[in-house]
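**Student:** Given the coordinates of chain A, work out where chain B should sit on it, guided by the hints.
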Amino acid sequence: MDERCKALWEKLSAALKPQVSADTFKRWFSAVELTKATDDELTFHVPNNIYQFWIESNHMTALQSAITDAVGAPRTVRFLTAESDDDNDFSAPEARKTNGSGHSKTVGLGLSLNPRNTFESFVVGPNNQIAHAACLAVAQAPARTYNPLFIYGGVGLGKTHLMQAIGQYLWAKKKTSKVMYLSSELFINEFIDAIQHNTLVKFRKRYRQADLLLIDDIQFLAGKERSQEEFFHTFNTLFDGHKQIVLSSDRPASEIANLEHRLVSRFEWGLTAELQPPDIETRLAILRKKARALEIKLHDDVYQFLATRIRSNVRRLEGALMRVASFASLSGKELTQETIEHLLKDILLEERRQTVTIEQIQRKVAEHFDVRLADMTSKRRPASIAFPRQVAMYLARELTKASLNEIGDAFGGRDHGTVLHACKLVKKRMHEQDNIRQTISFIDSALQR
Amino acid sequence: MKFSATKEKLLEGLQQVQNVVSTRTTLPILSNVLLQAKEGAVHLTTTDLDVGVRGSFEANVDKTGATTLPARRLFTIIRELPSSEISVEVDGKNAASIRSGQSFFKILGLPEEEFPPLPKFENAKVVTMRQKDLHDGLRKTAYAISTDETRYVLNGVLFSFKENKLTLVATDGRRLAMLDIELEFPRSHEADIIVPTKAVTELQRLLKDDGEVKISVGSGQIAFDLNNTLLVSKLIEGNYPNYKQVIPSEAKERVTLERETFLNSLRRVSLLASDKSNSIKLNFSKNNIEITANTPEVGEAKESLPVAYKGRDFSIAFNPEFLMAPLRNLTEDEVFFDLIDEMSPGVLKIQTPFLYVLMPMRVSS
Numbered sequence: 001m002d003e004r005c006k007a008l009w010e011k012l013s014a015a016l017k018p019q020v021s022a023d024t025f026k027r028w029f030s031a032v033e034l035t036k037a038t039d040d041e042l043t044f045h046v047p048n049n050i051y052q053f054w055i056e057s058n059h060m061t062a063l064q065s066a067i068t069d070a071v072g073a074p075r076t077v078r079f080l081t082a083e084s085d086d087d088n089d090f091s092a093p094e095a096r097k098t099n100g101s102g103h104s105k106t107v108g109l110g111l112s113l114n115p116r117n118t119f120e121s122f123v124v125g126p127n128n129q130i131a132h133a134a135c136l137a138v139a140q141a142p143a144r145t146y147n148p149l150f151i152y153g154g155v156g157l158g159k160t161h162l163m164q165a166i167g168q169y170l171w172a173k174k175k176t177s178k179v180m181y182l183s184s185e186l187f188i189n190e191f192i193d194a195i196q197h198n199t200l201v202k203f204r205k206r207y208r209q210a211d212l213l214l215i216d217d218i219q220f221l222a223g224k225e226r227s228q229e230e231f232f233h234t235f236n237t238l239f240d241g242h243k244q245i246v247l248s249s250d251r252p253a254s255e256i257a258n259l260e261h262r263l264v265s266r267f268e269w270g271l272t273a274e275l276q277p278p279d280i281e282t283r284l285a286i287l288r289k290k291a292r293a294l295e296i297k298l299h300d301d302v303y304q305f306l307a308t309r310i311r312s313n314v315r316r317l318e319g320a321l322m323r324v325a326s327f328a329s330l331s332g333k334e335l336t337q338e339t340i341e342h343l344l345k346d347i348l349l350e351e352r353r354q355t356v357t358i359e360q361i362q363r364k365v366a367e368h369f370d371v372r373l374a375d376m377t378s379k380r381r382p383a384s385i386a387f388p389r390q391v392a393m394y395l396a397r398e399l400t401k402a403s404l405n406e407i408g409d410a411f412g413g414r415d416h417g418t419v420l421h422a423c424k425l426v427k428k429r430m431h432e433q434d435n436i437r438q439t440i441s442f443i444d445s446a447l448q449r
Numbered sequence: 001m002k003f004s005a006t007k008e009k010l011l012e013g014l015q016q017v018q019n020v021v022s023t024r025t026t027l028p029i030l031s032n033v034l035l036q037a038k039e040g041a042v043h044l045t046t047t048d049l050d051v052g053v054r055g056s057f058e059a060n061v062d063k064t065g066a067t068t069l070p071a072r073r074l075f076t077i078i079r080e081l082p083s084s085e086i087s088v089e090v091d092g093k094n095a096a097s098i099r100s101g102q103s104f105f106k107i108l109g110l111p112e113e114e115f116p117p118l119p120k121f122e123n124a125k126v127v128t129m130r131q132k133d134l135h136d137g138l139r140k141t142a143y144a145i146s147t148d149e150t151r152y153v154l155n156g157v158l159f160s161f162k163e164n165k166l167t168l169v170a171t172d173g174r175r176l177a178m179l180d181i182e183l184e185f186p187r188s189h190e191a192d193i194i195v196p197t198k199a200v201t202e203l204q205r206l207l208k209d210d211g212e213v214k215i216s217v218g219s220g221q222i223a224f225d226l227n228n229t230l231l232v233s234k235l236i237e238g239n240y241p242n243y244k245q246v247i248p249s250e251a252k253e254r255v256t257l258e259r260e261t262f263l264n265s266l267r268r269v270s271l272l273a274s275d276k277s278n279s280i281k282l283n284f285s286k287n288n289i290e291i292t293a294n295t296p297e298v299g300e301a302k303e304s305l306p307v308a309y310k311g312r313d314f315s316i317a318f319n320p321e322f323l324m325a326p327l328r329n330l331t332e333d334e335v336f337f338d339l340i341d342e343m344s345p346g347v348l349k350i351q352t353p354f355l356y357v358l359m360p361m362r363v364s365s
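Line by line, the protein sequences give chains A and B. Letter 307 of the first sequence, counting from 1, is numbered 307 in this note's numbering, and no numbers are missing. Letter 276 of the second sequence, counting from 1, is numbered 276 in this note's numbering, and no numbers are missing.
It is possible that some hints are incorrect.
[Stated by the list, open to error] Simulated pairs of lysine-lysine, PhoX-like, Cα-Cα distance not exceeding 25 angstroms: (1) Lys17/A / Lys208/B; (2) Lys173/A / Lys243/A; (3) Lys208/B / Lys198/B; (4) Lys36/A / Lys6/A; (5) Lys132/B / Lys9/B; (6) Lys244/B / Lys26/A; (7) Lys401/A / Lys424/A; (8) Lys349/B / Lys26/A; (9) Lys17/A / Lys252/B; (10) Lys424/A / Lys333/A; (11) Lys286/B / Lys349/B; (12) Lys63/B / Lys2/B; (13) Lys252/B / Lys26/A.
Note that these hints are calculated values from the structure, not bench results.
So here's chain A without its partners, still in its complex pose (with noise of 0.2 angstroms):
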């Protein structure tokens, strides 16, 4: 306790002591020991948690009277006990620790947010360090920077994530802060409920309340035209009182159809961040990160095997790891190359859908069949490199989510049914001669790997 405490706190004794009585004053305030006072809060030391449930509980009122005595003005008031110093006082929600009936709800704060989905678990690399960067910065200082906040990306790259980990960190360090984080389907699910129900004012009044609003996949509000109104009210009241907004999308505003323009101009407003798929160090990152949280060990190969594997979506990354990781502790089975790609069979070959492009499928086929690739865009068909090209445009059709006229496109500006010709013959042949099937197999996998 310094010197400047000590006098403040003799100062605050006695203006408490006609207060309370002599025995209270004697029993609860002569432990207290005043350890920090700043022109906002003063922070209080007790021996244990009794003081401060029963000083909370019941002299509140007498201590915040005599602060206002003492100083001039009402402080924030706040307690450390000797137990608590390490604990729950300053730490995030999840360190609390009971094993009582209603203890989920505490750790969830209320709001279902995953504990885990904080800040310190989030891996950063060059694809998310702008998203992540705002992030932080709306959380340390909401509705100052950046406001509303819009982050966009695809599937499994973060977007929920850093979400979460805004209400979190503002809920750990205010517990006081109103935060409210949910998906814009339950936004509408309680819109439709309050129009039928008749509690519209009940509706608007609890999340225009709101100093942190969270609200999820934004793109499910496009065609709902009432509901997007009802949000555009709240998103104004909101912004003008100077609360902090985060939306999240899988497109940016611009690109969401059926979305009204004043909506998206409004979401435009503040900053837009972009998550793009991890590269393969942040991948490996990601990986580490998550095997240590769980405790598995493998060996480094497999970890380098799935993050070059795996490259569009986290969640599936993280998907795979668990599938390893349980397979190993499972069988307690070596694990080899063979048997994590059969282990991973599904996930593997959905990943190649994703990433071979009409582009190498034509420099594969032309240096299989050792034709130039300029010939697979060529107008010239010989039979030796007419074939080839059909080969290519059916594993274009096979591989690739591309239309045919992309194809016929991509192939020196063919016309559909020269595509659809090709894919014809090509499964024709594939049926009649078995060298020829064996070939186009061998590509197929080539490609995929």
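**Tutor:** Structure of chain B alone, referenced to chain A:
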């Protein structure tokens, strides 16, 4: 699995366990009850992963086996069945056919393997006591449990095993109820544990006035074995506050009150205590307590209670609900009310080791 039983036995069995059934829908299996048909009886188990209960009922078991069925649904069906003889048959796919008189029901269950097993108690410290004592002790303390989830260590009853005494404590920061039960156990069994509210509520329903209860304390969990029923619960982790700090040392005034008379007077007067201030005042004067309540713009109530009192005149205000709660749960005819002054806590006592500390409310005089 196949058995038949009377409606009463079946209902009784289900009633013992069905309150625990989880309302959380995340794990469907938790809304089911585990039925295990053994020789002459069917055992029932439910759990919400925090608290679990196992009971049983007598039945004619034709074929042993086990399955799980939706607890609430099963209960409502059994309750509505017209005849007293009920037969239940479960096929290999966990579909149960229930027959009674002209009625037939088929409900679908889940395999027993999915049901989470109740925790095992190995190397647990075991203490045995009379069910009546524990029942009585919980009844006299449990109402003071805090419902404030941020003070999670207070969301339960403290069981303090010390010096051949079991002390039960519950507090919410404004009041505290405490009771001692004499009990013999080895020194090594001394421990302070916090049993969560849900387990306490269930336990109060299960405890009877005769027989014994075997309490096993394991690490982080507790089991209460009531001969044919078993309740297990996780414990609340953390340190229970040092409640002794709350208890006032010496009393200046003591009044002896007839519990029921006092309670009835309080109840009548509290009808006019406002929701907002929610306080009633006790005005002490020679051989009289005047109980008053008034709410501006509503009205006021007043009632006199003759008592033996020779101290100074003074007034003290309490939350009526908090003052009535112990009076409702005590069984004694006489209670002692110890007071110091209008700002210090009042203490209710009875002949046996029990006390209830209640903070007064501030009144603008």
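**Student:** So, for every hint listed, does it hold in this structure?
**Tutor:** Each hint tested on the structure:
| no. | hint | in the structure |
| --- | --- | --- |
| 1 | Lys17/A / Lys208/B | violated, 50 angstroms |
| 2 | Lys173/A / Lys243/A | holds, 16 angstroms |
| 3 | Lys208/B / Lys198/B | holds, 18 angstroms |
| 4 | Lys36/A / Lys6/A | holds, 10 angstroms |
| 5 | Lys132/B / Lys9/B | holds, 24 angstroms |
| 6 | Lys244/B / Lys26/A | holds, 15 angstroms |
| 7 | Lys401/A / Lys424/A | holds, 18 angstroms |
| 8 | Lys349/B / Lys26/A | holds, 24 angstroms |
| 9 | Lys17/A / Lys252/B | holds, 20 angstroms |
| 10 | Lys424/A / Lys333/A | violated, 45 angstroms |
| 11 | Lys286/B / Lys349/B | holds, 22 angstroms |
| 12 | Lys63/B / Lys2/B | holds, 5 angstroms |
| 13 | Lys252/B / Lys26/A | holds, 17 angstroms |
The structure does not agree with the numbered hints 1 and 10 stated previously, though it agrees with the rest.
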